[in-house]
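Colleague: What follows is the residue order along each chain.
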Amino acid sequence: MKKTRLGEFEEVILLLVGILGNEAYAFKIADEFESQTDRPVSIGAVHSTLNRLSEKGFLTSEMGSASAERGGRRKRIYSLTASGQRVLSDARDFRVSLWSQFPGFAGG
Amino acid sequence: MNNNKYIPPRLAERLLLWFLRNDLAEEVSGDLEERFYKTAAKKSLSKAKLNYWYQVFHYLRPFAIKKYRSNSNPFIMYQHNFKLTYRNFIKYKTSFFINLIGLTTGLSSALLIFLWVSDELAMDKLHEKDEQLYQVFLTHEENSSLRTGPETQGLLAEALLAEVPEVVMAAADTETEWFGDNFAVSNGEEVIKAKGKFSGEDYFNLFSYKFKHGIPDRALSDKSSIVITESLALKLFNTTQVVGKTVEWHLLHLQGEASISAVLEDLPSNSSEQFNFVLPFSIYKDIIGDGMHWGNFNAYTYVELAKDININALNHKIASFVKDRDEGSNVSPFFKQFSSNYLYGTFNNGIQTGGRITYVRLFSVIAIFILVIACINFMNLSTARASRRLKEIGIKKTLGAGRVSLIFQHMGEAVLITFFALFLASLLTFMILPEFNELTGKQLSLQFTPEIIGAAILIGLFTGLLAGSYPALYLSGFKPVSILKGKLNASFGEVWIRKGLVVFQFALSVIMIVGVLVVFQQIRFIQTKSLGYSKDNILKIPVEGKAVDNMATFFDELKNLPGVLNATATTHSMVESGAYTTGIHWEGKDPDVPIRFEQARVYYDFVETLGIKVLEGRSFSKKFGNEQSKIIFNESAIEAMDMQDPVGKKIIMWGKEKEIIGVVKDFHYASLHTPVEPMLFYFEQQPPHSALVKIDGENIQEAIANIQSFYKTFNPGYMLDYKFLDQNYQAQYIAEQRVSVLSQYFAGIAIVISCLGLFGLAAFTAERRQKEIGIRKILGAGNFSIVTLLSGDFTKMVLVAVCLALPVSYFLAQYWLSGFAYKIDLHWWLFGLAGVAALVIAWLTVGFQTLKTANINPVQCLKDE
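For the protein sequence lines, the chains are S and L, in the order given. Numbered per UniProt numbering, the first sequence spans residues 1 to 108. Numbered per UniProt numbering, the second sequence spans residues 1 to 865.
Hints were generated in silico from the structure; no laboratory data involved. Treat the hints with care, since some could be wrong.
Okay, derived cross-link-like pairs now, SDA-like style, lysine to any residue, Cα gap no bigger than 20 Å in a straight line [what the hints assert, rightly or not]: (1) L/K67 / S/S48; (2) L/K193 / L/N182; (3) L/K67 / S/N51.
I would like the entire structure built from these sequences, with the hints used as guidance.
Modeller: What follows is the structure, given as structure tokens:
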């Protein structure tokens with residue numbers, strides 16, 4: 001069993017996979033990450049994370065359709081598994097519970 | 001072509017497919033291509049290409065890279081060789097560590113020396129015009145020999161520029177040392193001591209120092225300008241934005257105002273010139289006044305020569321340049337490349353004879369010696385261990401291994417351990433570099449520039465191949481049949497070579513021991529040699545400010561301070577040769593033989609304060625009032641003038657008649673590199689600006705405190721800046737002292753590495769001869785006879801090494817000492833000591849091993865088999 005704790009980057013990638021749905025393949029995810037966060041990231045780094053998340057069982061993937069803009073090559077589309085969904089909502093619940101205990105936020 | 005324009009860089013794509021896992025190829029190259037087109041559309045093609053490369057390199061991640069599995073023969077053999085190398089290291093830890101320690105220390109010594117040498121070689125090469133930048137030297141014919149020096153006439157630069165067409169640019173210059181600590185600048189409030197000099201208008205066009213503000217062309221064109229360095233600017237004004245501000249400069253009783261025309265970046269450490277500010281040469285000209293003529297050598301001259309000139313022909317052409325202008329002159333100028341002065345700065349009788357390059361060569365040789373010694377360890381230990389690996393080699397050969405592949409295996413083993421050692425050596429070098437810098441007075445740093453990495457890899461490969469060469473060639477040459485039959489005994493050749501290597505190693509160590517002893521002795525000789533005057537407890541203080549106008553009172557009051565024994569003043573530094581003159585005439589002088597006199601203007605009590613011995617007559621004394629028409633000579637001068645009963649005779653100095661009132665015994669006014677030459681002492685009513693104060697050795701602190709408080713009240717606004725004369729004396733031998741300390745360290749390292757090798761070899765022999773010793777013990781041999789037996793071999797080797805090394809070291813020592821006019825005698829015991837030391841060290845090294853073997857219980861080593 002791999003470690004099931006999520007890093008910040010992993011969490012964001014997981015969310016992006018969920019957001020992008022049928023379009024969730026490495027280049028799109030990296031692209032979306034850059035436009036949403038303004039942080040540069042290499043496709044390799046994203047791919048490596050996707051690979052790790054798949055090994056942990058949070059993602060599955062299958063080869064999708066080809067398109068002309070990528071030289072007729074197919075892409076690998078990632079989608080969330082049930083345990084991926086759960087680990088995301090766990091992470092959110094944990095944060096929400098922390099935020100609710102934070103006096104500055106709760107009071108204001 | 002147009003179609004090709006919008007495709008990703010092919011090379012990057014090929015690289016990607018080469019390392020990428022096959023099952024990822026389709027998706028990844030698709031992703032990257034999509035990214036490429038998007039970037040190309042949004043930004044530019046070149047950005048897109050660059051980004052593609054970036055993305056490719058970011059796929060160099062463990063998950064994406066092909067797992068390399070191959071069944072090819074070479075690959076399996078590499079794996080196999082690695083495995084064997086590793087197992088051998090693990091199995092024979094002692095010899096592995098001996099090799100590793102030896103190679104690591106050897107390599108880091110070599111690295112340190114490499115850093116030092118390359119720094120020395122780069123000195124003064126920073127100027128853009130380096131190739132064409134020359135300095136003028138003058139060769140003087142005098143006392144029937146030739147003397148060469150950089151001091152030229154202040155007029156020379158302009159004259160050369162005007163009349164020699166090959167001279168493109170020229171600037172006169174002065175040396176910062178000439179003004180000692182007497183230069184200061186002030187911002188109107190505070191007076192700050194700084195190193196300054198005067199330079200001609202084009203100085204900064206010749207030398208490319210970096211400008212922070214201002215430009216070289218206009219830096220010194222105005223007579224009221226001054227160029228200062230960044231750090232001086234910060235000290236004076238707390239900012240470097242100071243162009244146009246006014247500062248005052250002080251030089252003894254002289255002073256002036258100048259406006260800052262430019263600010264220099266601080267001078268880099270690879271420049272031998274170090275100064276804080278530069279004033280225009282025209283000011284110096286005014287100060288010297290009538291002294292600017294062809295017989296006065298008071299400036300340096302730098303020139304830029306045209307490209308592609310024949311320097312020898314040009315030097316030939318200008319040899320008579322000064323003589324054509326000044327009849328009776330005895331000097332001939334020549335051009336010498338400026339950047340070569342640092343390393344090749346010593347002249348003997350008109351011929352360039354060396355300089356710092358001697359030390360550069362010396363240490364390069366030492367570095368090679370140390371590496372060779374470390375390599376010999378490796379060779380010895382691996383050939384000695386060969387017997388253990390013979391079966392492996394025999395079987396490999398039987399199975400068809402070629403000789404080349406065996407050589408390759410053993411070379412590879414050596415290179416591998418060398419690079420491991422190189423890695424450790426870099427770490428070690430990194431750690432000891434601060435101490436090394438302290439020792440050498442340099443600011444070296446281990447930066448991984450391509451040159452350094454290249455050099456390190458070269459040193460590593462050289463060492464590895466050298467260390468591996470003998471075992472590789474030797475081990476691979478055996479006949480498999482004789483190996484497997486067990487017939488192979490240590491052949492004559494093997495033993496001979498192994499012994500030869502040990503002899504060679506120890507010979508090098510003995511040479512180093514002798515070297516260290518000689519250098520050490522000579523340094524101590526210099527430091528303790530009686531100089532003919534007493535340099536202890538003498539303070540050197542500048543006379544400046546208000547004291548300049550009231551010198552007589554200043555000296556009177558100074559002498560009366562408690563703790564002050566005597567005081568005088570002189571123009572001479574007392575530690576190095578200063579001004580000299582040939583303008584002395586006397587009855588019976590041969591007009592064709594110019595004799596050079598070292599000259600010193602002195603004040604009352606000079607002879608008494610310094611404890612110089614008066615041979616005849618008297619010294620300058622206040623009792624006799626004005627002594628301007630009197631003169632004192634040293635012994636050598638009287639001898640050179642060939643004068644009988646000199647006291648009372650008259651001579652002509654600079655056109656004025658003077659009476660000889662005394663003769664003093666020769667004393668060493670300069671470093672012991674040069675012999676004592678004729679010297680004269682003359683007197684003028686106004687004392688020189690540098691006072692020498694003899695204080696009570698019992699209460700040094702108190703005396704200094706008294707002088708300080710006196711100075712403060714007498715001379716408000718000035719801080720007393722004192723130096724001990726013997727400190728100045730030590731400073732002139734700093735190069736020798738550094739060599740002494742460094743050679744001690746490196747000799748120590750060489751000896752330790754040699755001993756490591758010997759230790760390994762002794763351990764090995766002891767192990768091999770265990771059975772023999774067991775039998776000897778059973779037959780009644782005592783411990784002592786076994787120790788003698790085992791160490792006898794080594795003793796012989798070391799003795800041979802000593803015999804070989806002593807003559808060589810004698811010649812080397814002679815050569816080094818020939819640079820000193822006053823030197824130690826090379827006594828036989830010095831060499832004896834080195835020999836005995838080598839022998840004792842060798843005995844101690846093998847002693848432990850032999851004792852252990854001699855004490856062995858014969859049952860232990862005979863019970864099996």
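Colleague: All the hints need checking, so say for each whether the structure fits it.
Modeller: Taking the hints in turn, this is what the structure says about them:
1. Taken as a hint, the L/K67 and S/S48 pair is honoured in the structure, with Cα atoms around 16 Å apart against an allowance of 20 Å.
2. Under the criterion of a C-alpha separation no larger than 20 Å, the hint pairing L/K193 with L/N182 is consistent with the structure, at around 8 Å.
3. This hinted pair checks out: L/K67 and S/N51 have alpha carbons roughly 16 Å apart, not beyond 20 Å.
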